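J.: Positions in the sequence shown are counted from 1; adding 202 to them yields the working numbering.
Think of the hints as simulated: they come from the structure by calculation, not from any bench. Keep in mind the model is a prediction, meaning the values are calculated, not measured. Heads up, the beta-carbon is just placed ideally off N, CA and C, and yes, glycines get one too. Among the hints, erroneous ones may be present.
[Claimed, not checked] In silico DSBU-like pairs for lysine-lysine, Cα to Cα no more than 35 angstroms straight-line:
id: 1; residue 1: Lys289; residue 2: Lys315
id: 2; residue 1: Lys305; residue 2: Lys319
id: 3; residue 1: Lys306; residue 2: Lys291
id: 4; residue 1: Lys280; residue 2: Lys298
[Said to hold, decoys possible] Label-pair distances were calculated between CB atoms; the ranges are:
id: 5; residue 1: Lys315; residue 2: Glu340; range: 34 to 40 angstroms
id: 6; residue 1: Glu296; residue 2: Asn329; range: 46 to 52 angstroms
id: 7; residue 1: Glu341; residue 2: Ile311; range: 31 to 37 angstroms
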Amino acid sequence: MSDNHFSIGPWLSYLRSAANEGETNNGNNNLTGGSGSGRGSGNDNDNDNGNGSGGGSGGSGGDSSDMRNDDTQLHITKSAVAIELEKVKQRNNELKQQNTGLKKHNTEIKRSKENLKRKNWALQRRNVDLQRRNRELEERDEALREELRRLRRHVLES
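When you get a sec, could you build the whole thing from the sequences and use the hints?
T.: The structure is reproduced here in structure tokens:
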């Protein structure tokens, strides 16, 4: 393929590199095949975009056509952009699914946290009740011990 497509500006060079990157990333290095133009380095003096002696075949297995190099490059670039866009959409869908899963997990964690808070409050109330009951039993125990000492003294005195 000729280098005439670089003549329309540096931005096309950028687009071509993006297209080639898309081809390589796809494992399809033959996207340019079959889309050759008649504009080559040969003698195409009638300027009808037909076959010049150096142009025409485009890529492996390609034959000449009336499509200009610019249009071919634009098609390749559009294909590469479409491929990249599809990859981005797919990744976006994957992230959405992951986000949905994380939201569900987060909801479950919040629910568990609330349940644990309620259980903790119940255990704290139970603990306060048990501490109060323990103090009452200790006071009763002390009162009984005092009564026992009093009775022993009374028995010893009699």
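J.: Which of the listed hints are broken here?
T.: 1, 7
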